[in-house]
Amino acid sequence: MATAYDIAVKQAEPEQDNPAPVIAVEKVYKSFDGHKVLNGISLRVNRGETLAVLGRSGTGKSVLLRLIIGLDTPDSGAICIHGQDLAGLGLDRMGEIRKKMGFLFQSAALYDSLTVQENVAFPLEHHRRDMSKSERADRVRQLLTEVGMDGDIDKMPSDISGGMQKRVGLARALALEPEMLLLDEPTAGLDPISSAEIDELILKLQRERRMASIVVTHDLDSARTIAGRLALLNEGDVVIEGTFEDLQQSDVGFVKEFLKQS
Amino acid sequence: MSDRGFTPVASLNPPLPVRRIEPLSSAAGYATRIFNGFFEWFGSLGIFSWQVLRAAVTPPYEWRELIRQLDEVGSKSLPLVAMAGAAIGVILSLEARYSLSRFGAKSMFPVTLVYSVLQVMGPVITGLVVSGRVGAGMGAELASMKVTEQIDAIEASAINPYRLLAATRILACILMLPLLTIATDACALLTGWFAQAMVEPLSFHQFIANGFNGATFSAFLPQTFKTSVYGLIIGLIACFQGMRTRGGAAGVGRAATNSVVLASLFLILADVVLVKFILVFFP
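Taken in order, these protein sequences are the chains called W and U.
Numbering of the first sequence is given in this note's numbering, commencing with residue 1 and proceeding in unit increments.
Numbering of the second sequence is given in this note's numbering, commencing with residue 1 and proceeding in unit increments.
One chain only, chain W, in its complex shape:
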């Protein structure tokens, strides 16, 4: 079976007619109340490639994802999607870009007043008004089957476990068939079996859909499994970026310490 890295190497080359990376973060700075969170970070992700962003808590990993999807704005620097700088975009254009992105929140952020089925149908109801009710229901069922949640479609989010919520969140993120997938701690707080299942699910999606993905995680094993390339953050900037082997061979003290403790 091909490893995630093999898949990434094979699929991640920029396309000839569109050489710009799908996601490009260029020298981005972000502070909150005077506290510097991101300190000139730069990253690029191509189509079919999965980048795992690792680092200690509070190093700005989740903030990076929020900036990419436009939930926050950088203090300076640029975030480009398909070569298009997000700065200066109106709400409509930003909405068009967001439709191409799937975002899995760390807490899953399911709508607590809607059932599992309604949660997944939510983006379709708003953006695929051309779909009939039965087409939408079929699509929702297909997505929930894909993440192994087709048996719980009428349950409320409060009635399912954290791992199940993440699966539903993933199905919702995939509803509009995004070109980019942003995953914030997809396996945090899950037992090893659920974590492995989520990892396998993400790998399967990569194989089938060739999305550009960024996975923020603390879990080195998970990152190694699902990502072809890893970026280790410390104090708001990338300490090292490369394959898992590159990290293992690094002489940088922080990298050694991080690998040792993980």
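No wet-lab data here; the hints were simulated from the structure.
Quick caveat, the model's predicted, so the values are computed rather than measured.
Careful, some of the hints might be misleading.
As the list claims (entries may be wrong) - Just the calculated beta-carbon pair ranges, DEER-fashion:
#1 Tyr30/U x Ser42/W: 38 to 44 Å
#2 Gly83/W x Val57/U: 31 to 37 Å
#3 Ser57/W x Ala250/U: 38 to 44 Å
#4 Asp138/W x Val275/U: 55 to 61 Å
#5 Ser44/U x Arg209/W: 39 to 45 Å
#6 Ala219/U x Asp138/W: 55 to 61 Å
#7 Ala250/U x Arg93/W: 34 to 40 Å
Ideal Cβ placement from N, Cα and C applies to all residues, glycine included.
Chain U: place on chain W using the hints.
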């Protein structure tokens, strides 16, 4: 507002309050911070209002959510405002009978009750009752959605939360307040007449005929429809407080309380202006 031409909901967040022990010498600095906070709040409210207005007038329109909110604000508030109206009718009837008897003006009872209810008590009581029920509910619901990242999830799904969550709720309040006021007025007049009829004979027909004698629509319509402004205030404040919440469960509680307190306060202040406005334009 950001240079993108829109403000992400997240960026409306004020910094979390920091508790510090201030020396006396920094009293001026403290006053300055309060002063700045006051203007910052109004500035943020202005930006929020602009975002909601822009979202409300541009398609796609969220009809389904609007209907749900009309039900939430209207139908579900009806029993409460009806009961409040009924109580006010009885109280006014008792007070009016006593006061008018002292001046030998008992025959003025119907007109006193009708004008008191329709021009003053009905609209204000409806506004305050809805402010308590709907303001707190909306503030807490949106605040809870905010702290659990559900509003961020809506935004990340390329759905405008100002349109889906705020515009629909505010519009529902604007549309429903006048209808609820009519219900309050009707209940107050009915129980007011009933309380009077229990003491001395007075037919409902006679009560209405005397009460509305010489009255024109312009005497009552502006008073009833001014409650749309109350609705605007209640919806706007509750949505604003809810969608800028931070700080977990405590933040949700704060948002609910602030929604009710501020909406009630602004409602009463607005009434001062509205009464003057109506007196000038509908003498």
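Task: Ala219/U versus Asp138/W beta-carbon gap, inside 55 to 61 Å or not - done: holds (59 Å)
Open item on the list: I want to verify a distance hint. Is the separation of the beta carbons of Gly83/W and Val57/U within 31 to 37 Å?
Closed with: Once the Cβ atoms are compared, 32 Å apart, the range 31 to 37 Å for Val57/U and Gly83/W holds.
TODO: Check the following: the C-beta atoms of Ser57/W and Ala250/U are separated by a distance inside 38 to 44 Å.
DONE: violated (22 Å)
Task: Range agreement (Cβ of Arg93/W with Cβ of Ala250/U, hint 34 to 40 Å) - done: holds (37 Å)
Open item on the list: Quick check on a hinted range of 55 to 61 Å for Asp138/W and Val275/U, using CB atoms only.
Closed with: About 58 Å separates the Cβ atoms of Asp138/W and Val275/U, which means 55 to 61 Å holds.
Task: Distance restraint hint 39 to 45 Å, applied to the beta-carbon atoms of Ser44/U and Arg209/W - done: holds (40 Å)
Open item on the list: If I claimed the Cβ atoms of Tyr30/U and Ser42/W lie 38 to 44 Å apart, would that claim hold in this structure?
Closed with: About 42 Å separates the Cβ atoms of Tyr30/U and Ser42/W, which means 38 to 44 Å holds.
In summary, the structure is inconsistent with hint 3 from the numbered list given earlier, while agreeing with all the others.
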